[in-house]
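Chemist: For reference, the chains in residue letters:
Protein chains: 2
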Amino acid sequence: MDFKNYLKERITLVDQALEQYLPAEGKRPESIHKAMRYSIFAGGKRVRPVLMLAAAEAVGGRLEAALPAACAMEMIHTYSLIHDDLPAMDNDDFRRGRPTNHKVFGEAIAILAGDGLLTEAFKLLSDLEVNKDIADKTRLAVISEIATCAGTFGMVGGQVVDMESEGKAELDLPTVQYIHIHKTGALIKAAVVAGALLGGADEKALAAIRSYGEAAGLAFQIADDILDIEGTTEELGKDAGSDSQRGKATYPSVIGLPAARQAAQEMLQNAMQSLQIFGTAADPLREIARYIVERKN
Amino acid sequence: MDFKNYLKERITLVDQALEQYLPAEGKRPESIHKAMRYSIFAGGKRVRPVLMLAAAEAVGGRLEAALPAACAMEMIHTYSLIHDDLPAMDNDDFRRGRPTNHKVFGEAIAILAGDGLLTEAFKLLSDLEVNKDIADKTRLAVISEIATCAGTFGMVGGQVVDMESEGKAELDLPTVQYIHIHKTGALIKAAVVAGALLGGADEKALAAIRSYGEAAGLAFQIADDILDIEGTTEELGKDAGSDSQRGKATYPSVIGLPAARQAAQEMLQNAMQSLQIFGTAADPLREIARYIVERKN
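Protein chains in written order, with our numbering: chain A, 1 to 297; chain B, 298 to 594.
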């Protein structure tokens, strides 16, 4: 498959849907809708929504069934970036090469834009006019999966431990794994599980997709750690080397760069093995896993 | 009815359920679960959950059907208080007579505790093991109603306009109404509408409850404005007169205290009229409306 083209097409599809589902800038209160759109349309890679659509198709479903939920997932991811960048948290001035939300709109609006995006995600997931053909039980299961993975036993919990670990002299691998599995991995897993649910997966397919998501999610964050060392500031759109400067818990800092590279490759292999029960319909998921580990930004 | 006793019993019921549904303090990451519980169990009046239970019973339903959603509503209310109190927002040091969340746990954990509570609310609302006897369609409608009223066209939007109006020389009544209807009213309306849905209301009952919620919600905030002038710091658990010091948009500041009092009474009458189709089953809703307008804190 022509993966580069596939990715481009899927990103366009997701962007168009986000354009449709996000409140228009002109709607009152204008400032917050402008701030929400600023961060949503800041050139994100759309990894989570693209994964969700691919998971829906891998299990034999239609991508349209997963498109609104894919947008909700990107809203949750974006809210987490806005809040993580705040002065009280990571205090980042740049994200994807552009000033962070609070640098443009101020801290108060940035906090509220994050709150607004998180809430809007659940509004979209429960919208009675959107995706009426999806069974109510499936929609509830999707909301439950996403809320669980985004909360304190998932993404939010990972961010807490990440912050609390910052600057600590000795971090062990279990702590770094906890952070990665929760802060980044949980939402990536939720994306593919939700996609599989919306695509009508049976128990066996769902378990395989869940296992794929766990491996791909961890691989994604290990690759991110490695990129922070090897990537250039230009490629990353943020300061290269910022993790180590900050004393962030990363795979390379705990087990060294070669072992981190090996761990990423192992996770990639795990992800691939999880997909063995699927045929060519899962090729996009395979390509995305490879892309996750081998990307340059 | 013995309203004082009723209220006490209902608050105990809600507190017990919150104890059950909130993650235990000992669960990792401990800091955020501690912070979430700190603000949830800070002596709140539980107006929204009590209203939700009363609405379920007013339409002939069982309060047990609404108890988990009532807890979710209190989580959303509490998240909004934690974020509103942040230095970048209202910068409040005290809430209900105790130091605010960020004064105790720091800004980063306070932001994340708010995020965690908001997410936990939707997790609880969609939990597949909780309230299995409620129809899936009803549960989705409840999630949709709550997300809509909590988002940028509801509570979050009201907070945005409130902040943006602060200190402005001339505020008009429509702006103050917008703020009150959205910032406070929306969640109160959502509470009773969700309660009515979970109680099995028909179209006519639902419309009556919605109308009650709109009136009671606005009455609540006008009463709050008046209390800020007339109440003592001790009664309020926060600084009396803080709204006017800050140049906050309030009913008394725009139309004067006597007209504000009259507006609160009118809203109370509207709320009462909305309940005319119900018999004694709606007596608690009537008492709560009265309490909302006549309370001292």
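Any given hint could turn out to be false.
Stated by the list, open to error - In the SDA-like style, the derived pairs of lysine to any residue whose C-alpha atoms are separated by at most 20 Å in a straight line are:
{"id": "1", "chain 1": "A", "residue 1": "Lys137", "chain 2": "B", "residue 2": "Lys400"}
{"id": "2", "chain 1": "B", "residue 1": "Lys342", "chain 2": "B", "residue 2": "Gly357"}
{"id": "3", "chain 1": "A", "residue 1": "Lys34", "chain 2": "B", "residue 2": "Val458"}
{"id": "4", "chain 1": "A", "residue 1": "Lys27", "chain 2": "B", "residue 2": "Lys400"}
{"id": "5", "chain 1": "B", "residue 1": "Lys400", "chain 2": "A", "residue 2": "Pro258"}
{"id": "6", "chain 1": "A", "residue 1": "Lys137", "chain 2": "B", "residue 2": "Asn428"}
{"id": "7", "chain 1": "B", "residue 1": "Lys434", "chain 2": "A", "residue 2": "Ala141"}
{"id": "8", "chain 1": "A", "residue 1": "Lys296", "chain 2": "A", "residue 2": "Lys137"}
{"id": "9", "chain 1": "B", "residue 1": "Lys400", "chain 2": "A", "residue 2": "Met89"}
{"id": "10", "chain 1": "B", "residue 1": "Lys434", "chain 2": "A", "residue 2": "Leu128"}
{"id": "11", "chain 1": "A", "residue 1": "Lys27", "chain 2": "B", "residue 2": "Val458"}
{"id": "12", "chain 1": "B", "residue 1": "Lys434", "chain 2": "A", "residue 2": "Met89"}
{"id": "13", "chain 1": "B", "residue 1": "Lys324", "chain 2": "A", "residue 2": "Gln177"}
{"id": "14", "chain 1": "A", "residue 1": "Lys248", "chain 2": "A", "residue 2": "Pro258"}
{"id": "15", "chain 1": "A", "residue 1": "Lys27", "chain 2": "B", "residue 2": "Ile478"}
{"id": "16", "chain 1": "B", "residue 1": "Lys434", "chain 2": "A", "residue 2": "Ile134"}
{"id": "17", "chain 1": "B", "residue 1": "Lys465", "chain 2": "A", "residue 2": "Gly43"}
Source of the hints: derived by calculation from the structure; they are not laboratory data.
Chemist: Indicate, hint by hint, whether the structure satisfies it.
Modeler: Verification of the hints:
Only pairs whose Cα atoms come within 20 Å are accepted, and Lys137 of chain A paired with Lys400 of chain B is rejected, the gap being roughly 42 Å. The straight-line distance between the Cα atoms of Lys342 of chain B and Gly357 of chain B is roughly 25 Å, outside the 20 Å bound, and the hint therefore fails. As the CA atoms of Lys34 of chain A and Val458 of chain B are separated by approximately 14 Å, the hinted pair is consistent with the 20 Å bound. With a C-alpha separation of about 35 Å, the suggested pairing of Lys27 of chain A with Lys400 of chain B is violated against the 20 Å cut-off.
Distance restraint check for Lys400 of chain B and Pro258 of chain A: the Cα-Cα separation of roughly 43 Å exceeds the 20 Å cut-off, and the hinted pair is therefore not satisfied. Among the hinted pairs, Lys137 of chain A with Asn428 of chain B is consistent with the structure: their alpha-carbon atoms are about 13 Å apart, no more than 20 Å. Taking the CA atoms of Lys434 of chain B and Ala141 of chain A, the gap is near 13 Å; set against the 20 Å cutoff, the hint holds. Using a Cα cut-off of 20 Å, the hinted pair Lys296 of chain A and Lys137 of chain A is violated, with the two alpha carbons roughly 40 Å apart.
Between the alpha carbons of Lys400 of chain B and Met89 of chain A the distance comes to roughly 15 Å, so the proposed pair stays at or under 20 Å and holds. Distance restraint check for Lys434 of chain B and Leu128 of chain A: the Cα-Cα separation of roughly 9 Å lies within the 20 Å cut-off, and the hinted pair is therefore satisfied. Proximity of Lys27 of chain A to Val458 of chain B is assessed by CA-CA distance (about 13 Å); at most 20 Å being required, the pair is judged to hold. For the given pair, Lys434 of chain B sits about 39 Å from Met89 of chain A by alpha-carbon distance, which is inconsistent with the 20 Å threshold.
Restraint check for Lys324 of chain B and Gln177 of chain A: satisfied, since their Cα atoms lie roughly 17 Å apart, inside the 20 Å limit. With a C-alpha separation of about 18 Å, the suggested pair Lys248 of chain A and Pro258 of chain A falls inside the 20 Å cut-off, and the hint holds. A threshold of 20 Å between alpha carbons decides the hint, and for Lys27 of chain A with Ile478 of chain B the separation of about 17 Å falls inside it, so the pair holds. Our distance criterion of 20 Å between C-alpha atoms is met by Lys434 of chain B and Ile134 of chain A, whose separation comes to about 12 Å.
Note on Lys465 of chain B and Gly43 of chain A: the hinted pairing is violated, with a Cα-Cα distance of about 36 Å set against a maximum of 20 Å.
Checked against the numbered hints above, the structure breaks hints 1, 2, 4, 5, 8, 12, 17 and satisfies the rest.
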